[in-house]
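J.: Residue numbers (the working numbering), protein chains in the order written: chain C, 1 to 248; chain Z, 1 to 248; chain U, 1 to 248; chain Y, 1 to 248.
Hints are supplied without guarantee of correctness; some may be wrong.
Since the list gives no way to pick one copy over another, a pair counts as held whenever it fits inside one copy or between any two copies.
What the hints assert, rightly or not - Computed list of lysine to aspartate or glutamate pairs in DMTMM-like fashion (alpha-carbon distance at most 25 Å, straight line):
1) Lys184 <-> Glu82
2) Lys184 <-> Asp49
3) Lys172 <-> Asp65
4) Lys184 <-> Glu167
5) Lys172 <-> Asp49
6) Lys172 <-> Asp230
7) Lys184 <-> Asp195
8) Lys184 <-> Asp245
9) Lys172 <-> Asp207
10) Lys184 <-> Asp65
11) Lys184 <-> Asp239
12) Lys184 <-> Asp230
13) Lys172 <-> Asp245
14) Lys184 <-> Asp85
15) Lys172 <-> Glu218
16) Lys172 <-> Asp190
17) Lys172 <-> Glu81
No wet-lab data here; the hints were simulated from the structure.
Number of protein chains: 4
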Amino acid sequence: MRRLLLSNDDGVHAPGLRALYEALLPYGRLRVVAPDRDRSGASNSLTLDRPLALTDRSNGFYSVDGTPADCVYLGVNGVWEERPDLVISGINHGGNLGDDVLYSGTVAAAMEGRNLGMSAIAMSLVGRRYFETAGRVAASLVGAAESLSLPPRSLLNVNVPDRPWSEIRGFKVTRLGYRGPASKPLQVQDPRGQDRYWIAPVSRNADDGPDTDFAAIEAGFVSITPLQTDLTRHAALHDVQGWLDALT
Amino acid sequence: MRRLLLSNDDGVHAPGLRALYEALLPYGRLRVVAPDRDRSGASNSLTLDRPLALTDRSNGFYSVDGTPADCVYLGVNGVWEERPDLVISGINHGGNLGDDVLYSGTVAAAMEGRNLGMSAIAMSLVGRRYFETAGRVAASLVGAAESLSLPPRSLLNVNVPDRPWSEIRGFKVTRLGYRGPASKPLQVQDPRGQDRYWIAPVSRNADDGPDTDFAAIEAGFVSITPLQTDLTRHAALHDVQGWLDALT
Amino acid sequence: MRRLLLSNDDGVHAPGLRALYEALLPYGRLRVVAPDRDRSGASNSLTLDRPLALTDRSNGFYSVDGTPADCVYLGVNGVWEERPDLVISGINHGGNLGDDVLYSGTVAAAMEGRNLGMSAIAMSLVGRRYFETAGRVAASLVGAAESLSLPPRSLLNVNVPDRPWSEIRGFKVTRLGYRGPASKPLQVQDPRGQDRYWIAPVSRNADDGPDTDFAAIEAGFVSITPLQTDLTRHAALHDVQGWLDALT
Amino acid sequence: MRRLLLSNDDGVHAPGLRALYEALLPYGRLRVVAPDRDRSGASNSLTLDRPLALTDRSNGFYSVDGTPADCVYLGVNGVWEERPDLVISGINHGGNLGDDVLYSGTVAAAMEGRNLGMSAIAMSLVGRRYFETAGRVAASLVGAAESLSLPPRSLLNVNVPDRPWSEIRGFKVTRLGYRGPASKPLQVQDPRGQDRYWIAPVSRNADDGPDTDFAAIEAGFVSITPLQTDLTRHAALHDVQGWLDALT
């Protein structure tokens, strides 16, 4: 039976993680290693300045006083004698669409699994209600990953519309859209009179064209985006070389 | 005169930031917005669950009780009436090579600048000694970015060997190498007898081929890697579609 | 029916809090406001540099992304239309004896209740096993506080031996002992070669005389110590005045 | 020459700490061990769940990635071969009056020194302007502590009016006043629509009678309050015993 490592960024007590666990129970031996509290927005942070505590919460659930990436690292290297076959992260409370993936701890947990040599899936529900729908999506993908052959070291970013399973219109392979830059911060005063600045939400999407994850979700489809972790902009290597030649 | 926004992840008091500031003084109007303490490894984290304090430390230096990405967001949206022309992050104390860029706060600060619509440069010294060398590299790139035309919304990851300027062999355009997965964690006991786990360093590089940043640094060259922030693995869209068709 | 506010420092998911809740259910209307994660050792810290999130976890349990003192402040000022009659903190996983009370978040939660004008009880189990015993102690004290008259704004620090209820030898009113100074730190190296220092545990008690809380626990009694929050050393006012007169 | 250990809670870069250092230079051999960032309000927190990094910033200044109490513990046990003779904490940016002392990191640093067996002084400026005045007060107390005999393991909480030295009316030995309970929290909404709660400042003092620290400062005097760290409410031992006898 396959070994499935589950994690998330909403913390070990999050309902989305519980829903993922229950949906995947029939599909392998499960271990859960998740942050001891909400670490949304942790991105790929790894904790290097202190050692981590790994707490056994029984029933195969472990918590770590660290980030989602810390959890996957310890889940792969510390909890089992053997490495997991697949890492599944989520179900995130809220979507991870477009440039969200750069900031998301859910996606980071999957990326860490992929960096450590496994295929990985990041699962997000674009809302907070129909976790069961997202659980069924996760089960169908994980089941298929077993019977079909997912290319090795695949990294899939999956977003699920927040609606009943019967209202899901299908699955779409998408590219990431782009939310665009956030608005100006919201300036407030604390009760002692000091200025503070809240980072503002993005007002409207800069790119949500028909082949994007935004468009798929909007139309009621599950969005599946293959991700890479190589940030080299290969197409620009030549241009930068030209620019550098002129410089020197 | 151009407006240059400087940030880093080692904190507002770091010598590398001071060296960058001094090297760039002749090249524009400078503003520094940096974390109030060491935030190395913060990756792209943005602080969304609390408002941020922006402290004016005089002489154009501001500190923020947040992450490198927070600093750039506030630097772009809060400190100036006009947007900066260029974001420069660093000089990091230590290299940001290969898959380091996924975890680095220095690179994240530059990425945030790029996401907000500007060109950006991440500067790292592969060591902790010759900040002056890295300062000269920064000055030559920023000077060139003015006279030549850096493509809009460029994002450059620059690493500098830790040696005197006279021993720098030149500049190379590179792709990112790959450190490979970290080793097993170092298990220790705290003084109260509880197990703890340190994330281990990477033992040896998995990909440091001749065109990588690793190889350039090893040979004594400044390494310049153009980065992208679109994580879509476009080449895999077709494969994943095939896999999905078989699934459904 | 009385309104009982419960909190702790081990976090909203801690078994000791659950045991306290169940033991006190018959004694009043309960509200639980506790940290979202383990905040042991937080002492009296209040969070003043950011606003707090209060999350309703259903069944009268709320969590706060802050310290134990934050929780009691919000529990008194935000959760109910009326103020609670009594604040009970715990059941702490481990004892709070002697000078522990200066560092303990459990005691701090009770102190905050007392500072806000209520009587308060800090409950700790000197171990991690017989929470049920400590629950029965809490129930008997809270029940008595109703029928008898606990002096207004009392603050009691209660420690319970980690043994079955049948083996508890009785209740003792005690003064705080004194653990004495901690030993030298344990010096370790992190995996990157940097020195780090763990604060060491205390080797042996400096004052555990017969009337102390240490002695009561050692002998199998529940220890009850009345605490004050006025730190003025009234007995020294005269001496310091003499010293000051000589100075000037 | 005496060994003086300096710390604070505003962080190693704070102007108040610098002013204290300069004022005390003639009075002994100085070592500074202070938090790497602002840790105001840390109270007596000690860091037990991770090892601490102690960074030598040259010139006798060290920083610690921990709390004020952590700093004093490491300053006493790690930086010198011999123990310091006196611990001085501050100069805090703002007063520590009345029940502030329960929450203050400045006072906690002094308390930690006293718990480790030394006399200790907590210095606070009731404002942010005349640090030099507070420096002169510190110098006169430390100078006197040498020539006269401060009782062993004394703990003094010193507050200085924010005015020029020439306008200081003298020194007063005081007891702590009492600010009283904080007002209701300030409820705000974050930019994503979620409720948040700021802890409110105290509206007016509940006890600022003529012999209190509040009154001394108001009248332009330096306030000196001897503190204790034994929280036992000795006067209540008898009453609680009576209450307990009725209970059982």
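J.: Hints broken by the structure, by number, lowest first?
T.: Hints 3, 4, 5, 8, 11, 16, 17 contradicted; others consistent.
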